[in-house]
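Trainee: Residue numbers (the numbering used here), protein chains in the order written: chain D, 1 to 115; chain S, 1 to 116.
Hints are supplied without guarantee of correctness; some may be wrong.
[What the hints assert, rightly or not] Lysine-lysine pairs mimicking BS3-like chemistry, simulated, CA-CA at most 27 Å apart:
| no. | chain 1 | residue 1 | chain 2 | residue 2 |
| --- | --- | --- | --- | --- |
| 1 | D | LYS102 | D | LYS56 |
| 2 | S | LYS78 | D | LYS102 |
| 3 | S | LYS78 | S | LYS62 |
| 4 | D | LYS102 | S | LYS62 |
| 5 | D | LYS68 | D | LYS49 |
| 6 | D | LYS68 | D | LYS56 |
[Stated by the list, open to error] Label-pair distances were calculated between CB atoms; the ranges are:
| no. | chain 1 | residue 1 | chain 2 | residue 2 | range |
| --- | --- | --- | --- | --- | --- |
| 7 | D | THR112 | S | ASP71 | 38 to 44 Å |
| 8 | D | GLU63 | S | GLY42 | 21 to 27 Å |
| 9 | D | THR12 | S | GLU83 | 34 to 40 Å |
| 10 | D | THR110 | S | ASP1 | 25 to 31 Å |
| 11 | D | SER14 | S | ASN51 | 44 to 50 Å |
Simulated from the structure, these hints should not be mistaken for lab results. Ideal placement from N, C-alpha and C gives every residue a C-beta, glycine not left out.
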Amino acid sequence: GDSVTQMEGPVTLSEEAFLTINCTYTATGYPSLFWYVQYPGEGLQLLLKATKADDKGSNKGFEATYRKETTSFHLEKGSVQVSDSAVYFCALSDPVGSNDYKLSFGAGTTVTVRA
Amino acid sequence: DARVTQTPRHKVTEMGQEVTMRCQPILGHNTVFWYRQTMMQGLELLAYFRNRAPLDDSGMPKDRFSAEMPDATLATLKIQPSEPRDSAVYFCASGLVGGLGNSPLHFGNGTRLTVT
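All chains should be modelled from the sequences, with the hints used to inform the complete structure.
Mentor: In structure tokens:
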């Protein structure tokens with residue numbers, strides 16, 4: 001079945017450092033790909049998404065590019081802030097227009113940014 | 001700002017007791033999901049509904065768990081009897097599926113369940 005594998009954490013960085021969280025997927029067809037973020041005590045929030053190959057999702061300084069050839073969707077941010085400390089989840093779902101919409105999540109990567 | 005509302009936020013109960021968790025999806029969303037989050041298993045899909053009809057509950061232990069949508073504004077997840085291994089955070093999420101694209105899923109803040 002469809003699945004997502006993401007980089008294990010925890011990841012600890014200093015403010016203004018570069019962040020990369022690796023995510024690869026296994027799927028039949030062309031899934032939609034997502035990054036969700038979870039702040040302490042809260043539910044998951046959509047951070048960004050991409051629905052087809054070579055699409056780049058971006059939001060709040062974060063970016064991820066849908067790479068079909070490497071089945072990857074790595075999350076990057078050039079300069080992190082303390083407020084970026086959270087758990088980040090990579091996820092996939094069936095393609096846009098599909099009548100199904102189950103999200104499969106990776107295990108999550110805990111990121112801590114120190115001042 | 002529309003949001004998914006879950007109650008209660010925290011629940012502590014003794015083994016063997018019934019637990020009911022409630023979710024109010026965002027108005028107009030036609031799909032509702034229940035997820036369970038634990039340190040060991042991460043996020044697991046328990047069940048989901050489309051237009052109030054259950055589409056998939058294969059992730060749910062059938063002998064003790066049940067999920068329903070009595071109406072479009074309420075989804076419930078019940079555990080009877082509860083066991084310590086059910087301790088987790090349970091999330092409800094809703095979205096609009098269909099047409100040219102699906103809306104992003106919106107998650108509630110979860111119910112943290114502790115079974116002693």
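Trainee: Of the hints stated earlier, which fail here?
Mentor: none
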